[in-house]
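Colleague: What follows is the residue order along each chain.
Number of protein chains: 2
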Amino acid sequence: MTRIAIPEDSLFGLANLPYGVFSTPGTAPRVGVRAGDSVVDLAAALGDDVFSASSLNPFMAQGHARWVEVREQLLDLVAGDVPSAAVHPVDAVTMHMPFEVADYVDFYASEHHASNLGRLFRPDSEPLMPNWKHLPVGYHGRAGTVVPSGTDIVRPSGQRKGETAPTFGESRRLDIEAEVGFVVGADSPLGGPVSVDDFSERVFGVVMVNDWSARDIQAWEYVPLGPFLGKSFATSISHWVVPLLALEAARVATPMQDPEPLPYLQEKNPWGLDLSLAVSWNGQVVSRPPYREMYWSPAQMLAHMTVNGASSRTGDLFASGTVSGPAKDQRGAFIELTWGGKEPVTVNGEPRTFLADGDEVSITATAPGPAGARIGFGEVTGRILPAR
Amino acid sequence: MTRIAIPEDSLFGLANLPYGVFSTPGTAPRVGVRAGDSVVDLAAALGDDVFSASSLNPFMAQGHARWVEVREQLLDLVAGDVPSAAVHPVDAVTMHMPFEVADYVDFYASEHHASNLGRLFRPDSEPLMPNWKHLPVGYHGRAGTVVPSGTDIVRPSGQRKGETAPTFGESRRLDIEAEVGFVVGADSPLGGPVSVDDFSERVFGVVMVNDWSARDIQAWEYVPLGPFLGKSFATSISHWVVPLLALEAARVATPMQDPEPLPYLQEKNPWGLDLSLAVSWNGQVVSRPPYREMYWSPAQMLAHMTVNGASSRTGDLFASGTVSGPAKDQRGAFIELTWGGKEPVTVNGEPRTFLADGDEVSITATAPGPAGARIGFGEVTGRILPAR
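If you're matching them up, the sequences are chains A and B in order.
For what it's worth, my numbering labels the leading residue of the first sequence as 862, then goes sequentially.
For what it's worth, my numbering labels the leading residue of the second sequence as 862, then goes sequentially.
Calculated directly from the structure, the hints in this document are not laboratory data.
Positions of the beta carbon are idealized from the N, C-alpha and C atoms, including for glycine.
Some hints here could point you the wrong way.
Claimed, not checked - Partner residues are not named here, just some residues of chain A that face chain B (Cβ under 10 Å, in silico): (1) Ala963; (2) Thr1167; (3) Ala1248.
Claimed, not checked - Listed below are the simulated DSS-like cross-link pairs for lysine-lysine, each with C-alpha atoms no more than 25 Å apart in a straight line: (4) A:Lys1129 to A:Lys994; (5) A:Lys1189 to A:Lys994; (6) A:Lys1203 to A:Lys1189; (7) B:Lys994 to A:Lys1022; (8) A:Lys1022 to A:Lys1203; (9) B:Lys1022 to A:Lys994.
Given only the sequences and the hints, what does the whole structure look like? Please build it.
Modeller: See below:
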């Protein structure tokens, strides 16, 4: 048996216990939980085959009561003696996609981001559309190109606006979007909206998201049906899924919503979240977006997404949209941070606007846990490879 | 053994042989092929377990060479004696979803439809956006709410524009979109675009699609990120997947494309298709949209969808967008057919605009087969239930 040593200041202590899918050399991917700098093999430690799966989906599908039960088991397990064969150093494992993505939806829930993008994409109009403060604007993205942290990102090619006719070539305005993603665990049926108060019954956990964006492709294609190829080449997520159950201490009120939202969007106990993001560009932190500034809460997003009767499924991923705060160094996309490329930021001594080949971007976050603890989200990282 | 009698004028003769997933009382869903008014149980007839699956996905994933091989086997099988236990009357089976939908993309490839919708949604602007003739405009839809023909459609509720503020309620402008859907059989990798000439290597077959649309919800929500809840409550597809291999005789040139598309969209041998659709409203045919009028071919759609390096997967469904021809009685959506509700059509003696509770819509199509044969697509049908 082994007693797992968790450093006092670990972001992966008992307050967190995020889930992921890992393998060791010569073994199949399976579910693990992170404790300090260790990964606990849950099938080996708990003897439950649902954790032998190569994704979290079967466990998530068991529903909220089961998530609570297993979390209690894990708190006991990790605080005591764990079978040695079930414990691996985090540096010795390979991490994989934590879950199979069913549908992927991307929202647009930061007023600062939506206003900035409105000014940049439509300089002659009001930055916010008339609907923006009445509903969480969102759209479907490509589930099949959601990839785990560490996957290289090939620079996309596509059409962009030209002088007289569009031209084809590699994207020259490759960007990031620092977002927070919510993973649906338990199905809701067709025809049955999810109440804004049932968010925690349905959503299993939270990941970091980098919604890579080719701004030149996007700007040309996006009218009237929305972003498509400017986004669909890749969306990266973190390896670790932080249980929603670990985020009670991080709950805060959303910013004042004025006008008052329609009744189906009114929360009794708001699901604003005090997550502090950090965006690193080639190792240098260039932005610290505050999630607590987001106008719409994730519970409002899920209620809106299903209010028309749409079902949701185990593995659905919905992301917040770019997290941007009011200050310039709180902006979660480079197009905002550099104001469309006109105001370069200095990265390791060089003026930079959009992504160059070889650049690496890493996004992470921390949140308050109970009793002064801090919990971490791991990171979502990706490096740009040249266009093919 | 049984000899299957196929009526001379059957739309499901040897020229067609569409695939579906069926069950008989007390048995599990499995793959069948339709021949005349019979369904042949392929696992029973061919002794191959890939057809015991409850979806076409495992068979489709085997790739193009295998699709050709099985089609040849089926032509021999159906023309000769079939084990009696493998043959079921089509009226005695229950049909299911034919495949698991991976990602769902909806295009907007009819110039007539895009122009009509532009006039109706943006009366003060040019009907076609500047990008429309340069690329097949499309967006991602909700894969989890694609349902098989015969599924009842619950009228969706949602926000719509009001006098001073939006109001919430059931959709008052519930509509259809008559479309043709293409089912990806064989994966293409991340970073590897599918050439416009490799369409038939990747796409397994074709279905009828009804992309139900709540126009009041859509009109309020769709700026700037595209349609979302106005579409995501349900998309219906036909039970039968017509193999692309059956459609060689239906191939035609697309309409003249001017300006000339960029090289990645130029087809050597065009994949325009001479499909004749028919839309029935409570049993009365109200429109006959001609697919041969579509500006962009499905091969161009697939090449565009992957030109940024996006992968495609077994089970991806991409639909054409509403099929509308130049004549009024060739329009594939009721918003066009009734010009925004201002010009009712007469259905069974009554003036009608949008869908009422209890209405049933059925869409079908035929196409030329070899040697003067005609082939059919079955139908996609749905009935509107009152809002919950």
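Colleague: Would you list, in rising numerical order, the hints stated earlier that this structure does not obey?
Modeller: none
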